[in-house]
Amino acid sequence: AQSVAQPEDQVNVAEGNPLTVKCTYSVSGNPYLFWYVQYPNRGLQFLLKYITGDNLVKGSYGFEAEFNKSQTSFHLKKPSALVSDSALYFCAVRDDGAGSYQLTFGKGTKLSVIP
Amino acid sequence: NAGVTQTPKFQVLKTGQSMTLQCAQDMNHNSMYWYRQDPGMGLRLIYYSASEGTTDKGEVPNGYNVSRLNKREFSLRLESAAPSQTSVYFCAAKRGGSDTQYFGPGTRLTVL
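Line by line, the protein sequences are chains S and R. For the first sequence, my numbering gives the first residue as 1, with consecutive numbering after it. For the second sequence, my numbering gives the first residue as 1, with consecutive numbering after it.
Treat the hints with care, as some may be off.
Stated by the list, open to error - Taking lysine to aspartate or glutamate pairs in the EDC-like style, the calculated list, with each CA pair at most 16 Å apart, reads:
1) S/110 with S/9
2) S/69 with S/96
3) S/107 with S/15
4) S/22 with S/66
5) S/110 with R/38
6) S/107 with S/96
7) S/49 with R/99
8) S/107 with R/99
9) S/49 with S/8
10) S/77 with S/15
11) R/71 with R/52
12) S/107 with R/59
As the list claims (entries may be wrong) - Over the 12 Å line for every Cβ pair with chain S, so calculated as not near, a few chain R residues:
13) 41
14) 50
15) 62
16) 63
17) 65
18) 82
19) 86
20) 94
21) 99
No lab work stands behind these hints: they were computed from the structure. We put the beta carbon where it would ideally sit given N, CA and C, even for glycine.
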């Protein structure tokens, strides 16, 4: 079974500081990992994904994520936070050994960037 | 190119009423999904359709039915709404062979 955990319900960071939103996963095969962002009253928007290759993945809006197989983590990062980054962030996983294209989403982390 | 569209945006129902949530995509994607989003629960898959003519249950299918009308449209029906179905419902579409899902703007449903 595939699962994903976002250990923080909320992350607060000052504008201009680096930000990290944490995600850990559990799969039996190889993980396909995703980050999505949801702005208020909007649907989810794709940010980035890790399938294979470089452990550091770059995505939209200056975000990047680091895949760490030994720690089963896929943390989302940005070097300098903007107030406009304030949103709800979801990590998602698919187990390539599960025979299904279904994604399992985390519960979400609310990011607040303080001016 | 509108992507994934959903109607209605908002709906209030009384317990026992029925309704259909509509979803359409103009990306020519094979797979479509219905999720519900509840506070502190993330997104949970209700039903999905891997291709036109097929539908399968997800994590929380009870109380719902779906129809994949054609490649573009995937509807979600509540036959007898219950307060536990108060939620925000999202439709998503995905191209065959890809893992990236594209989401609609959502339908906020309240069941009184």
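Now the hints, each set against the structure:
A threshold of 16 Å between alpha carbons decides the hint, and for residue 110 of chain S with residue 9 of chain S the separation of about 6 Å falls inside it, so the pair holds. Only pairs whose Cα atoms come within 16 Å are accepted, and residue 69 of chain S paired with residue 96 of chain S is accepted, the gap being roughly 15 Å. Note on residue 107 of chain S and residue 15 of chain S: the hinted pairing is violated, with a Cα-Cα distance of about 24 Å set against a maximum of 16 Å. A threshold of 16 Å between alpha carbons decides the hint, and for residue 22 of chain S with residue 66 of chain S the separation of about 10 Å falls inside it, so the pair holds.
Under the criterion of a C-alpha separation no larger than 16 Å, the hint pairing residue 110 of chain S with residue 38 of chain R is consistent with the structure, at around 14 Å. In summary, the hint linking residue 107 of chain S to residue 96 of chain S is not supported, as the alpha carbons are separated by about 21 Å, beyond the 16 Å threshold. Proposed proximity of residue 49 of chain S and residue 99 of chain R is supported: the alpha carbons are some 9 Å apart, at most 16 Å. The suggested pairing of residue 107 of chain S with residue 99 of chain R is violated, with an alpha-carbon distance near 19 Å, which exceeds 16 Å.
Proximity of residue 49 of chain S to residue 8 of chain S is assessed by CA-CA distance (about 20 Å); at most 16 Å being required, the pair is judged violated. Our distance criterion of 16 Å between C-alpha atoms is met by residue 77 of chain S and residue 15 of chain S, whose separation comes to about 14 Å. Proposed proximity of residue 71 of chain R and residue 52 of chain R is supported: the alpha carbons are some 5 Å apart, at most 16 Å. Restraint check for residue 107 of chain S and residue 59 of chain R: the C-alpha separation of about 15 Å stays at or below 16 Å, so the hint holds.
Distance check for residue 41 of chain R against chain S: the nearest CB is about 6 Å away, which does not clear 12 Å, and the non-interface claim fails. At the 12 Å boundary, the C-beta of residue 50 of chain R falls inside the reach of chain S, the nearest C-beta of that chain being 7 Å off. For residue 62 of chain R, the shortest C-beta to C-beta distance to chain S comes to about 17 Å, beyond the 12 Å cut-off, and the non-interface label holds. Every CB of chain S is more than 12 Å from the CB of residue 63 of chain R (nearest about 20 Å), matching its label as outside the interface.
Non-interface call for residue 65 of chain R relative to chain S: holds, since the shortest CB-CB distance, roughly 19 Å, exceeds 12 Å. Every C-beta of chain S lies more than 12 Å from that of residue 82 of chain R, the closest at about 23 Å, which supports listing it as non-interface. With a minimum CB-CB distance of about 16 Å to chain S, residue 86 of chain R clears the 12 Å threshold, and the non-interface call stands. In this structure residue 94 of chain R is not separated from chain S by more than 12 Å, as the shortest Cβ-Cβ distance comes to only about 7 Å.
Separation of residue 99 of chain R from chain S is inadequate, the least Cβ-Cβ distance of about 5 Å not exceeding the 12 Å criterion.
Checked against the numbered hints given earlier, the structure breaks hints 3, 6, 8, 9, 13, 14, 20 and 21 and satisfies all the rest.
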